[in-house]
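Asker: Heads up: the sequence lines are chains A and B, in that order. If you count the first sequence from 1, position 98 lands on 98 in the working numbering, and the numbers rise without skipping. If you count the second sequence from 1, position 117 lands on 117 in the working numbering, and the numbers rise without skipping.
These are calculated hints, taken from the structure and not from any lab test. Accuracy of the hints is not assured; some may be wrong.
Note: identical chains are not told apart, hence a pair may lie in one copy or across any two.
Once the Cα atoms are required to be at most 20 Å apart in a straight line, the calculated EDC-like pairs of lysine to aspartate or glutamate come out as [said to hold, decoys possible]: (1) K21 <-> E58; (2) K43 <-> E33; (3) K81 <-> E58; (4) K81 <-> E47; (5) K43 <-> E187; (6) K15 <-> E90; (7) K43 <-> D31; (8) K49 <-> E116; (9) K111 <-> E148; (10) K49 <-> D118; (11) K112 <-> E173; (12) K15 <-> E184; (13) K112 <-> D11; (14) K111 <-> D11.
2 protein chains.
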Amino acid sequence: MNCLEERILRDGVVKEGNVLKVDSFLNHQMDVELFNEMGKEFKRRFEGKDINKILTIEASGIGIACIVAQHFGVPVVFAKKTQSINLDGEMLVAEVESFTHKNKNNVIVAKKFLSEDDHVLLIDDFLANGCALQGLIQIVQSAGATVEGIGIAIEKGFQSGGRMIRNLGFQLESLAIVEDMNWETGEIKFREQD
Amino acid sequence: MNCLEERILRDGVVKEGNVLKVDSFLNHQMDVELFNEMGKEFKRRFEGKDINKILTIEASGIGIACIVAQHFGVPVVFAKKTQSINLDGEMLVAEVESFTHKNKNNVIVAKKFLSEDDHVLLIDDFLANGCALQGLIQIVQSAGATVEGIGIAIEKGFQSGGRMIRNLGFQLESLAIVEDMNWETGEIKFREQD
């Protein structure tokens with residue numbers, strides 16, 4: 001059991017409707033020391049990969065991505081969810097649907113920050129149905145860049161996103177894969193990983 | 001001249017309407033090494049302050065806040081701009097108006113993450129009219145917590161936010177204070193600091 005799985009068991013809260021609340025350490029209050037441990041583990045799992053950029057999506061992916069980036073020595077780009085008046089120039093745009101918020105967003109990255117020379121590690125906090133991730137993959141590929149790998153903090157293994165992404169041939173590494181959780185007992189069961 | 005001022009002169013772009021674009025290193029693509037230098041400088045400027053938490057606001061404050069937090073050994077909380085269905089329990093809410101986006105947002109922090117025991121450093125990427133910052137100060141004070149200081153990457157010194165915050169007695173440290181900028185010549189003039 002790794003440090004993130006231990007922390008989920010200690011401080012995560014299971015809510016009705018397959019909601020796992022980890023807001024005390026992952027996506028509202030953020031434990032930067034934990035993020036550093038996660039960064040070390042991602043570095044180990046993507047050893048040998050030629051990665052020169054990390055791409056994430058606002059907002060809760062940004063903190064993890066920045067700390068993880070220190071372990072790879074690369075810059076971070078975060079995709080924006082709405083068109084901002086401060087964005088100008090050519091944009092890469094993908095439409096994604098959020099499982100949590102039940103709405104559609106345009107995921108946007110300025111074209112100048114992704115090119116065919118880029119070898120990208122995608123980082124995000126959660127993977128459930130994988131819609132946000134599909135948007136990020138679409139954006140990287142539309143720039144002619146390469147997805148070298150995908151690092152997720154928590155994957156909901158009982159939803160389809162992870163299987164679909166792995167079936168497409170991507171190296172997807174989720175530090176904690178929740179196989180099952182029960183809001184009445186609070187029990188959380190993780191998939192065993194090497 | 002510090003590392004952020006040097007970087008602004010090198011890679012910042014002045015646009016019509018007093019817009020300073022720093023999206024290649026600060027708030028779209030993020031240079032994590034630069035953020036580490038900024039973290040060292042904030043640590044120096046807030047030496048002796050008893051800080052146990054950093055508070056920022058989504059989205060572009062999060063990356064800076066997480067890297068800076070490593071230099072203080074404290075967790076980060078980021079305020080959210082919209083009510084999310086994943087937020088539950090009691091909330092601290094302040095209404096703020098964005099100068100950039102010309103709209104109003106509710107700034108929201110779960111009450112459980114701020115208490116009267118907290119000594120908070122506020123971190124954000126930009127300070128212009130200071131509306132977002134006023135919302136964060138309001139939230140900290142409504143929790144009975146203490147604002148120990150405010151660390152900003154870039155302050156627009158020709159707008160009123162910084163003066164107002166300093167007049168209220170807060171220790172506001174901006175790593176780069178732009179006194180004047182000219183979109184026709186591209187010239188940027190910084191306020192001299194010790």
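Asker: With reference to the structure, classify each hint as holding or not holding.
Answerer: For each hint, the structure was consulted:
In the homo-oligomer, the alpha carbons of K21 and E58 lie at most 20 Å apart both inside one protomer (18 Å) and across protomers (19 Å), since each shortest distance falls under that limit. In this assembly of identical chains, K43 and E33 lie within 20 Å of each other by CA distance both inside one copy and across copies; the values are 15 Å within and 17 Å between. With identical chains, the CA atoms of K81 and E58 are at most 20 Å apart both within one copy (7 Å) and between copies (12 Å). Proximity of K81 to E47 under the C-alpha cut-off of 20 Å is found in neither arrangement, the shortest distances being 31 Å within a copy and 37 Å between copies.
Neither within a single protomer nor between protomers do K43 and E187 lie at most 20 Å apart by alpha-carbon distance, with minima of 30 Å and 41 Å respectively. Taking the shortest Cα distances, K15 and E90 sit within 20 Å of each other only across copies (16 Å), while inside one copy they are farther apart (41 Å). For the identical chains of this complex, K43 and D31 are neighbours both inside a copy (19 Å) and across copies (18 Å), given an alpha-carbon limit of 20 Å. Taking the shortest Cα distances, K49 and E116 sit within 20 Å of each other inside one copy (16 Å), while across copies they are farther apart (46 Å).
Taking identical chains as interchangeable, the C-alpha atoms of K111 and E148 lie at most 20 Å apart only when both belong to the same chain, with a minimum of 19 Å there against 40 Å between chains. For the identical chains of this complex, K49 and D118 are intra-copy neighbours only, at 12 Å inside a copy versus 42 Å across copies, given an alpha-carbon limit of 20 Å. Taking CA atoms no more than 20 Å apart as the test, K112 paired with E173 passes in neither setting, with 28 Å inside one copy and 32 Å between copies. Taking the shortest Cα distances, K15 and E184 sit within 20 Å of each other inside one copy (8 Å), while across copies they are farther apart (55 Å).
With identical chains, the CA atoms of K112 and D11 are at most 20 Å apart between copies only, with a shortest distance of 13 Å across copies and 40 Å within one. For the homomeric pair K111 and D11, the shortest alpha-carbon distance between copies (17 Å) is at most 20 Å, but the shortest distance inside one copy (39 Å) is not.
Going down the numbered hints, you'll see the structure goes against 4, 5, 11, while the others check out.
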